[in-house]
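Based on the sequences and whatever the hints tell you, model everything.
The working numbering puts the sequence shown at residues 1193 to 1367.
Derived by calculation from the structure, the hints in this document are not laboratory data. Any given hint could turn out to be false.
What the hints assert, rightly or not - Dumping the calculated BS3-like pairs for lysine-lysine here, alpha-carbon to alpha-carbon at most 27 Å:
id	residue 1	residue 2
1	Lys1265	Lys1276
2	Lys1286	Lys1265
3	Lys1286	Lys1296
To be verified - Beta-carbon label-pair distances, calculated as ranges:
id	residue 1	residue 2	range
4	Ser1314	Asp1250	25 to 33 Å
5	Ser1205	Ser1314	42 to 50 Å
6	Ala1301	Leu1328	34 to 42 Å
For clarity, every value in this text was computed on a predicted model and none was experimentally measured. Using N, Cα and C, we set each Cβ at its ideal position, and we do this for glycine too.
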Amino acid sequence: GEIATELLKMLVSISRKSVLCKSSAEELIASIEELLPIIQEIKYSGVELPQTRQRQLDNLSETLRNGLELAGKVLASGRWNVYKNLQLARKMEKLEKTVSRFVKGTMLAHVLADVHHIRFESAERFDRLDGSTRRLEQRLGTMKIGVADGGWLQEAVKRVEEEEPYEGSLVNFGV
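Below, the structure is given as structure tokens:
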């Protein structure tokens, strides 16, 4: 996360200073701005990643660290050293391609894998909900709720009907 933020700052300076590296720096800025929120989310989510994903993210972090060093070299390079600037521009293009390949390939594969996991987990949860609903329906079905066949509702109605004749009479007053 911090590496990407530092690299972004340096790339903005490079895009202003170096003519040869300007387009690569601007492409890298766009790619890293896409990556930065995702990197932050992964970092602060606290979710343990599978080993292959962790390795891929470590490789990306190493690439960004190398990009940070390269950006420092580009900024320190003199304007009139054309040969060195050309070499650095090629390295910037290579770095930009590497980051772009990760964003367009590996990251999309991660997203698809996550969608698949979520779909599978939600299907399992819906199956459990269905089972719970069926068990609840069976329990309610075995209870005698109705007014027919001696259900508890019928018993309550009978009790009320038996108490009604006494409500209007003087028997309730103790006379």
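Evaluated hints:
Taking the CA atoms of lysine 1265 and lysine 1276, the gap is near 10 Å; set against the 27 Å cutoff, the hint holds. A distance of roughly 15 Å separates the Cα atoms of lysine 1286 and lysine 1265; the hinted pair therefore holds under the 27 Å criterion. For the hint linking lysine 1286 to lysine 1296, the alpha-carbon distance of about 15 Å falls within 27 Å, and the restraint holds. Distance hint for serine 1314 and aspartate 1250: a CB-CB separation of about 30 Å, consistent with the stated range 25 to 33 Å.
For the hinted restraint 42 to 50 Å between serine 1205 and serine 1314, the CB-CB distance of approximately 46 Å keeps it satisfied. Distance hint for alanine 1301 and leucine 1328: a CB-CB separation of about 41 Å, consistent with the stated range 34 to 42 Å.
Going through the hint list in order, the structure satisfies each hint without exception.
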